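A.B. asks: Taking the hints into account, I'd like the entire structure generated from these sequences.
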Amino acid sequence: MGTSLEGNSNSPIEDAAKGITKGFLEWSSKAIADYINKLKNKELAFIQDEKTIKLVREIYNAGEVKFYDTYINDKELLFLAKMGITLRRLEENDEKDKLMNLRDKIYRQYDVNGLHIAQFVQNGILNRYIGILIERMTTLDKFQEDLLDLLQNIDKYVLFVEGLSRTRDMIQKAVTIVNAHNPSIFIVSGIGPAAEIVRESEDRLKEFLREYDLEKMSSGKKEILFFKKVLSF
Amino acid sequence: MFSIMEFISLKNVSLKSKICLLEGLGFKTDGEFVLDKNGNKVLDKYLEIPIKIDNMVILPGSTIILDDNEFSLSKYIEEYGDFA
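Chains Z and L are the protein sequences, given in the same order. Take any residue in the first sequence, note its place counting from 1, add 478, and you have its number in the working numbering. Take any residue in the second sequence, note its place counting from 1, add 5, and you have its number in the working numbering.
What the hints contain is simulated information worked out from the structure, not anything from laboratory work. Incorrect hints may appear among the rest.
With a straight-line cut-off of 25 Å between C-alpha atoms, the simulated PhoX-like cross-links for lysine-lysine are [unchecked claim]:
#1 Lys651/Z to Lys574/Z
#2 Lys80/L to Lys574/Z
#3 Lys50/L to Lys508/Z
#4 Lys518/Z to Lys532/Z
#5 Lys80/L to Lys16/L
#6 Lys532/Z to Lys42/L
#7 Lys700/Z to Lys651/Z
#8 Lys684/Z to Lys700/Z
#9 Lys516/Z to Lys16/L
#10 Lys516/Z to Lys50/L
#11 Lys21/L to Lys46/L
#12 Lys706/Z to Lys694/Z
#13 Lys544/Z to Lys16/L
#14 Lys529/Z to Lys57/L
#15 Lys33/L to Lys16/L
#16 Lys518/Z to Lys16/L
#17 Lys508/Z to Lys80/L
#18 Lys520/Z to Lys57/L
#19 Lys80/L to Lys520/Z
#20 Lys532/Z to Lys80/L
All values reported here derive from a predicted model rather than from experimental measurement.
C.D. replies: Structural data, given as structure tokens:
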């Protein structure tokens, strides 16, 4: 049942604050007219969950986004990177429903490739990849070119292992990708149930990818292998 | 003069008040979804999904009604800039 606060104060916003403790708010016609006026003057926005808008705004102002903004000169890829950071924050906050919901929306709008890019960012792989690129950087232009190439052709550089994959098939797939594209950095990413599959495959992969040095990002539910082509000077 | 945008949560607002608000903006509802003046479901412009009245956000910029989720709000910021 609604609780009318009409006439309790001169400020509809004050009424709104009071109403939170009393039940559903009833707004007066005057309050609604004032709100609409403010909305049209861009002084007000109606939201649902304050946490959602706060999170989105924090991400848009985060240093990590500003860095990407400088070096990723593609609007859609940059947006997917922002979605990746959002996924990471939701994961850190243990907001499983929101996490799954956002994953689903990214998938529906950007297909599996877009979701892979967002997950690449979510899991901190892009940041380590950038670190490796910087270690090997010759010019800033080449760095930017390599970064864009990675994001535009992510499946040539990264194998996203699925939880139901068979170890043998996964190794075969990794070798096929490396033989086809000869990447200077090749990544095998196992998250959740796939982490164990990647762990089990590490030694075999090292045997097949002898021209590469291995670096790992490892935790309980994440196993990410960075194969870095040995540089010859 | 620089001003900071005010946010009002619709979470604790009665259905009646939300209906009045929508009507004041030229929209209506069937009790579940937001409808335009012709009775068609209003779609979130970024996701193209119908917007439930219990999950709507109403944002400035020719009155944009969206589904409350991180994807749509991020797209809104991309298009219209931050709220501040």
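A.B. asks: Of the hints stated earlier, which fail here?
C.D. replies: 1, 3, 6, 13, 17
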